[in-house]
Amino acid sequence: MNTLPLQKARPGDVLATDLTTPEGVFALGKGATLSASVLARLDKMGVASVTIRSRSDDDSAAAMNTALAQLAARFAGCETDPILAEIRRVAEDHVRLRFE
Amino acid sequence: MKDEPHLQKLVSKIVRLPALPDNVLAIQRLIRAPDTTAETVGQAIARDQALSAQVLKLVNSGFYGFTTPVASIAHAVVLLGFGALKTLLVSTAAASLIGSAFPGLYPHSLTCARIAFILARRQGLDEPDELSAAGLLHDIGKMVLATHLPEEYEAVKKAVHERNLLFMDAETATMGVTHADLGAWLLAQWRLPAQTVEPIRRHHAFDPDAPFAERAAALHLADILARAEGVGDPGDSRIPRPDPRALAALGIGLPDIRPLMDEAFDQLTDLYSGDAAA
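Residue numbers (the working numbering), protein chains in the order written: chain L, 32 to 131; chain A, 4 to 281.
Think of the hints as simulated: they come from the structure by calculation, not from any bench. Keep in mind the model is a prediction, meaning the values are calculated, not measured. Hints should not be assumed to be uniformly reliable.
[As the list claims (entries may be wrong)] Label-pair restraints from in silico Cβ distances:
#1 A:Asp129 with L:Phe130: 45 to 55 angstroms
#2 A:Thr150 with L:Met95: 47 to 57 angstroms
#3 A:Glu165 with L:Lys75: 54 to 64 angstroms
#4 A:Arg50 with L:Met95: 24 to 34 angstroms
#5 L:Ala92 with A:Thr39: 54 to 64 angstroms
#6 A:Ala74 with L:Ala116: 14 to 24 angstroms
#7 L:Val45 with A:Lys12: 14 to 24 angstroms
#8 A:Ser103 with L:Ser80: 15 to 25 angstroms
#9 A:Asp210 with L:Asp112: 16 to 26 angstroms
#10 L:Ala92 with A:Leu82: 39 to 49 angstroms
#11 L:Asp112 with A:Pro37: 47 to 57 angstroms
#12 L:Ala104 with A:Thr71: 55 to 65 angstroms
#13 L:Met95 with A:Asp129: 33 to 43 angstroms
Note that CB positions come from ideal geometry on N, CA and C, so glycine has one too.
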């Protein structure tokens, strides 16, 4: 979940919280998907920022980074063994393939 | 064996042996009876619906290298033969015991089983399906520890986390015995053949002169590769060093690692989605 200036929001983003106008009027509910026309209307209503759920590509990148960090931890101290170094290289390639 | 007194002391604390279910024991008795044929055994399994379902689930879990689903016990008996059937029965019962020991141990075991099968086939070892079964059972000693020796298990877990040890090093430090010894002890009690039991005993302590050394070497490497691929949870977060003598026994060198791991990776995709519960 992150809060962005309205201009950075993209069609397809999903609201993570209820959205109110600067006057405090309820505009859109949590879970609503933003479209180009909704974004234009929010802009007219003076909404400056939105809080959206993490985009799925961000999630996938984060999951890949977690998997790579876990892999690095598993192999810590194994650098001097040439077979283990090769096993690590291949396992790393496999992590990247899984998240491609 | 130097660890024998430690092992005897430890297993003397186990009040009741982790038990095979009655239906499995009955079929084991049938298998041991003279004149029993594979067909008779197949029919006995087929009469037990719950057991049949478990056996077929395991047969179709990618555990054996079958490319088409095996739909009936009769078909499984034809494909596997008599010897493999005995191990399959124990594996069926063990799969749910392993799954209940701690989360992640079963996916790790299944990954090791699949890699052991691929390794056996690539290196031309006898009976790859038996080696696959050994892969599934290789950490069954951890199940014994978790379910039957709770105090020892807590001490091992503490050592793993506080000192970032390999599970086996934590076991040696706290008990003087490893899950490999415990597992081999249990599987011998369950009357599994030496070609399954001995490699499990040696999967962290390779000895080129021990019986079934080549199979032990395959299990040793399959466990390491399963850990490298990061499926499931073997109970620690490190990778044991491959024993160069084990690689030599298998005839595996540096250039063989990538093709071997790539072939294994292609067969692990379903396990990454996390639905490999026992």
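Right, here's what the structure says about each hint:
The hint said 45 to 55 angstroms for the Cβ distance between Asp129 of chain A and Phe130 of chain L, and at roughly 38 angstroms that hint is violated. At roughly 35 angstroms, the beta-carbon separation of Thr150 of chain A and Met95 of chain L lies outside the given 47 to 57 angstroms, and the hint is violated. Checking the proposed 54 to 64 angstroms range against Glu165 of chain A and Lys75 of chain L shows it holds: the Cβ atoms sit about 59 angstroms from each other. Range check, Arg50 of chain A to Met95 of chain L: Cβ separation about 49 angstroms, and the 24 to 34 angstroms hint is violated.
For the hinted restraint 54 to 64 angstroms between Ala92 of chain L and Thr39 of chain A, the CB-CB distance of approximately 57 angstroms keeps it satisfied. About 44 angstroms separates the C-beta atoms of Ala74 of chain A and Ala116 of chain L, a value inconsistent with the hinted range of 14 to 24 angstroms. Between Val45 of chain L and Lys12 of chain A the CB atoms are about 59 angstroms apart, so this pair departs from the stated range of 14 to 24 angstroms. Under the hint 15 to 25 angstroms, the C-beta atoms of Ser103 of chain A and Ser80 of chain L, about 49 angstroms apart, miss the expected range.
Our hint of 16 to 26 angstroms for Asp210 of chain A and Asp112 of chain L holds, since their Cβ atoms are close to 20 angstroms apart. Taking 39 to 49 angstroms as the suggested C-beta distance range, the pair Ala92 of chain L and Leu82 of chain A conforms, at roughly 43 angstroms. Checking the proposed 47 to 57 angstroms range against Asp112 of chain L and Pro37 of chain A shows it holds: the Cβ atoms sit about 51 angstroms from each other. Distance hint for Ala104 of chain L and Thr71 of chain A: a CB-CB separation of about 40 angstroms, inconsistent with the stated range 55 to 65 angstroms.
Range check, Met95 of chain L to Asp129 of chain A: about 40 angstroms between beta-carbon atoms, so the 33 to 43 angstroms window is met.
Checked against the numbered hints above, the structure breaks hints 1, 2, 4, 6, 7, 8, 12 and satisfies the rest.
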